[in-house]
Structure formats: C-alpha cells, structure tokens
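Numbering (our numbering), first residue to last: 1 to 343.
What the hints contain is simulated information worked out from the structure, not anything from laboratory work. Take these hints with a grain of salt, some might be off.
[Claimed, not checked] Straight line, CA to CA, 35 angstroms or less: simulated DSBU-like cross-link-like pairs of lysine-lysine: (1) LYS121 x LYS319; (2) LYS126 x LYS190; (3) LYS121 x LYS190.
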Amino acid sequence: MRPFHPTTIFYTPDALNERGRQVLQTFPEAVQQSIGQHNRLPELDVNQYKIKSDVLVLGRLKTLVCRESGRSSDFVSPSLANGCFGACAYCYVDRNKPVNPITLFTNTEEILGAVDKHVHKQPWPKVPNQTHATYYTYDIGCNSDISVDAALSDGVETAVAFFRDHPRALATFATKFVNPHLLQYDPQRKTRIRFSLMPARISKLVDVRTDSIEDRLAAINDFYQAGYDVHVNFSPVIFYEGWLDDYRELFERLNEVVHPAVKAQMQSEVIFLTHHEGMHQVNLALNPKAEQLLWAPDQQEFKRSQWGGINIRYRYGLKGQLIAAFQQLHQQVIPWCGIRYIF
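Hey, can you work out the whole structure from these sequences and the hints?
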C-alpha cells in the first residue's frame, strides 16, 4: 500500500482529542488549519484527485446512526471515516461531493458506543441470514477504505478489538488495499475483510491509485491466517468485449491462490457497474480512457438509487443476460466460492 503523506490537514477543534492530536503529530510538516465544520472546506484550487492525495480532514462525527443494509451486512455502522486517497473512476462517494479527501472521525469510542446500543436493541438470538448465521454484521467501511484509515490512526484497531470482544456483533468492510498492519489486530474471526477484485488489466485503468489485483490475491491467505473472515467482492463488473475471458482468468487465478481452508469459508458478492453522469464529466477531464469502458449509453439506462440519486446502470434485459453469463462461468471455475448476492 502506497504511503499517504498529506500536505494540508484541516481539523475541527472538537476533533482534537488524544487521537486527533496524535494524527497531527504524525504529520508535523503538513500545514494545519482549524475549520468550523469538517464537511465545509475552504475553496481549494486543485482537482479532486490532487485533493485526495494531499489533504486530510479531522472531524467529530455527530450523526451516530446505524442504517439497515441487508446485502453485505445487516447494518451500516456510523462512519469511522469518509473518503479515500484512491481515485477509482466509478466511486459512488465521489459522485455526491465536489471534493472528497479522507476525513477521519476521531470520536471512535462514541461511534462504537452507538453500535453497541443499536445491536442490543435487536432480537437475540439472531435469526440466521446470508450475512452471518450467529452475529449481527455491521459494515464499518461503507464510505471509506478501512485499510487506508488504519494507517492514519488507531481508530480501526480500536474498532476491530471492539467487535472481537462483542457477544453479538461482527464487523465487515471491503478494501482495494493491502495494509500489513491489520494482520496484527487479532480479530478472532469477528471482522470480515472483503477484497474487491476485477480483471487486472481493467483494474489498472479504473482502480486508480489502489493496490494491484495480484497484491490483493496474494494477501487473502495471510489475512485468514491472521484471524479474519475473508470474502471477495467482484465489483464493479464492467461489460466490454472479452469480459468473460478476463473473468475466467481471474477466477482461475483465485482458484490457484486460495488455500483449501480459506476456500471452505469464502463467499462472494457481485455488483455490476453503476455509473453517474457527473462522474462521467469529471472523468472526461481526468481519466478519459476509463470512460470508454464505463460510459455506454446504448447499453445503459437511468435509475434512481435508494438514496435518491440518479445513476446509470446496464439496461434491464441486458443486465439479466450478463448476470446469467457471470453465474455460469463462476459455477464452472470456482463453485466453492458461493455468491451471497448478485445485482
């Protein structure tokens, strides 16, 4: 994982608890500026990719709400952080914000306290479902990449310890990075890491500034050995000429790499591309080659998301065909890796 060295740190005064102060001390060369709200930054005269690589924000999360999920988790935890220094061309977080640097929320204990209160309001024992048979699952990285956040403060380590010791809750997060420090956290199967995978040559084009697919594959067995649940996340699946050939190669590589013990517990989730016209316009200026894959109006249709945004996805009839083809190939090559959901 490439190092992140911010040149500017914005912070709200209420974020400067011990954790916040430690982050400031970690980057003494950075310009440090107090702001009134973590989500209202001064105007920055650089593009959003540059902001992602150069700016860090420290804030205190005040809206401590757990949201229902039902797919990769039962619930989405209040965010430990928001944003990422990766610059993936399809990022759904970036669609809704003009600038999206990493924002670390330093009140980790308050966030985890909200999770604890929430889970104790749920019926117990839990009725088994596709997210987990015993524990209520909380996605702790819905708006950020936890592997990156863990390199910046002890908030992620604190969260992993919280879930490790909790009698009813399990953490989960997807990642495109490999942070070896996470291997030291001793999660005892109470945190699930989901490595995001796609064909390597496509990832190089659209997964900007993330770790390579080969690095992610190589990390799978190590993270299982370190005590994590390890699943994979085929997302986003992009349709182009030769896509199934590329996925066959990826599946065969996964089959080669994964240890039998890891295969026995591994499951996957599959999410086909959803794009956005605003991101399309941004990419035309910053990453136009990616748009040759992502933007295909003759194959796509508009759809309002569950959060109210207008997105673009593959047309209904076409998408059904793509899903069927993906499932058939998946069953041929890696039948041991069950699909928890696909859409």
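Given the hinted pair LYS121 and LYS190, is their alpha-carbon gap at most 35 angstroms? holds (20 angstroms)
Against the 35 angstroms threshold, does the CA-CA distance of LYS126 and LYS190 hold or violate the hint? holds (15 angstroms)
Could you grab the alpha-carbon distance between LYS121 and LYS319 and see if it respects the 35 angstroms cut-off? Between LYS121 and LYS319 the Cα gap is close to 38 angstroms, so the pair fails against 35 angstroms, i.e. violated.
Of the hints listed earlier, the one the structure fails to meet is number 1.
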